[in-house]
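Peer 1: Listed below are the residues making up each chain.
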Amino acid sequence: QKEVEQDPGPLSVPEGAIVSLNCTYSNSAFQYFMWYRQYSRKGPELLMYTYSSGNKEDGRFTAQVDKSSKYISLFIRDSQPSDSATYLCAMTGGYQKVTFGTGTKLQVIP
Amino acid sequence: GAGVSQSPRYKVAKRGQDVALRCDPISGHVSLFWYQQALGQGPEFLTYFQNEAQLDKSGLPSDRFFAERPEGSVSTLKIQRTQQEDSAVYLCASSVRDRVNEQYFGPGTRLTVT
Chain A
6 QKEVEQDPGP
16 LSVPEGAIVS
26 LNCTYSNSAF
36 QYFMWYRQYS
46 RKGPELLMYT
56 YSSGNKEDGR
66 FTAQVDKSSK
76 YISLFIRDSQ
86 PSDSATYLCA
96 MTGGYQKVTF
106 GTGTKLQVIP
Chain B
2 GAGVSQSPRY
12 KVAKRGQDVA
22 LRCDPISGHV
32 SLFWYQQALG
42 QGPEFLTYFQ
52 NEAQLDKSGL
62 PSDRFFAERP
72 EGSVSTLKIQ
82 RTQQEDSAVY
92 LCASSVRDRV
102 NEQYFGPGTR
112 LTVT
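Going down the list, the protein sequences come from chains A and B.
For the first sequence, the residue numbers in this note's numbering are 6 to 115.
For the second sequence, the residue numbers in this note's numbering are 2 to 115.
These aren't lab readings, by the way, just hints derived from the structure by calculation.
We put the beta carbon where it would ideally sit given N, CA and C, even for glycine.
Just to be clear, a hint being listed does not mean it is correct.
[Unchecked claim] In silico DSS-like links for lysine-lysine, alpha-carbon gap of 25 Å or less:
1) A/K7 - A/K102
2) A/K75 - A/K7
3) A/K72 - A/K102
4) A/K102 - B/K79
5) A/K110 - A/K61
6) A/K61 - B/K15
7) B/K79 - B/K15
8) B/K58 - B/K79
9) B/K58 - A/K102
10) B/K58 - A/K7
11) A/K47 - A/K102
12) A/K72 - A/K61
13) A/K102 - B/K15
14) A/K7 - A/K110
15) A/K110 - A/K47
[Claimed, not checked] Chain B regions said to be covered by chain A (calculated; three or more residues, Cβ under 8 Å):
16) 73-81
17) 101-115
[Unchecked claim] Short derived list, chain A residues pointing at chain B, Cβ under 10 Å:
18) P19
19) I23
20) S33
21) A34
22) Q36
23) Y54
24) K75
25) Y76
26) S89
27) A90
28) G99
29) K102
30) L111
31) Q112
32) V113
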C-alpha cells in the first residue's frame, strides 16, 4: 500500500461547479500537507499548504486536513476551464522528503 | 527573479549512453531537490541538497544515478548506462532553507531512452 493514495480520475465537471479533490495517507508523521497544480508538460506549481489539521482558504481554493482520519481535501469553487490540470497532493513530516500522490486529472467543461 | 530552470527540456538517449541533466535553482534557495515522474504518476523523490551537501540520496534507484551540486547553486543529475526504465520526466525543485513544504519546481527534462 502506498503512503499516499489519490484517485487518478479523470474528473470532469461543468464550468462553475464546486470541485472536491481528496487524498488519504497512512504515515502519522506527516505534518505539512500541500496541493500542487500541474499543467500538461509543465512542472508542478504550489497552490497552498496547511500545517497540521484545519482549514485554509485562498481565493477560490480551500484546503482541509483531518489528521484523525488521515484525509485531506482541496475544494475549488466556481471552477473555470483554466483550472483544467492535474492536481497533486503532497505531504511531509517537515524534513527533507516530500511524498506525492499520483495526481487527479481535472477537466472543467465550458 | 527567474524561476527554476532546467536543461535540456528534452533528451533522447540510446540505451547504454550516459546523460547529464542540469538544474538552475532560484537565486538564494539553499535547498534543491530532484524528482523522477513517470507517466501518469506523481513525482518520486530522488535526492536532496542543502547548499553543496547532499543530505539525502535515499531515492536514487541505483548506483547508475549520481547527483552533484559542487558550488551550492547549479546541480547536475547524471545517469550512467541508461536503461529503458529510466525514461521519465526529471524534475528539479528549490526552496529556502528548511521550507520543504514550499518547493518551486522547474519545467522538467523529459528523458526518452530508446
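Peer 1: Tell me the hint numbers this structure goes against, listed in increasing order.
Peer 2: 6, 13, 16, 18, 19, 20, 21, 24, 25, 26, 27, 30, 31, 32
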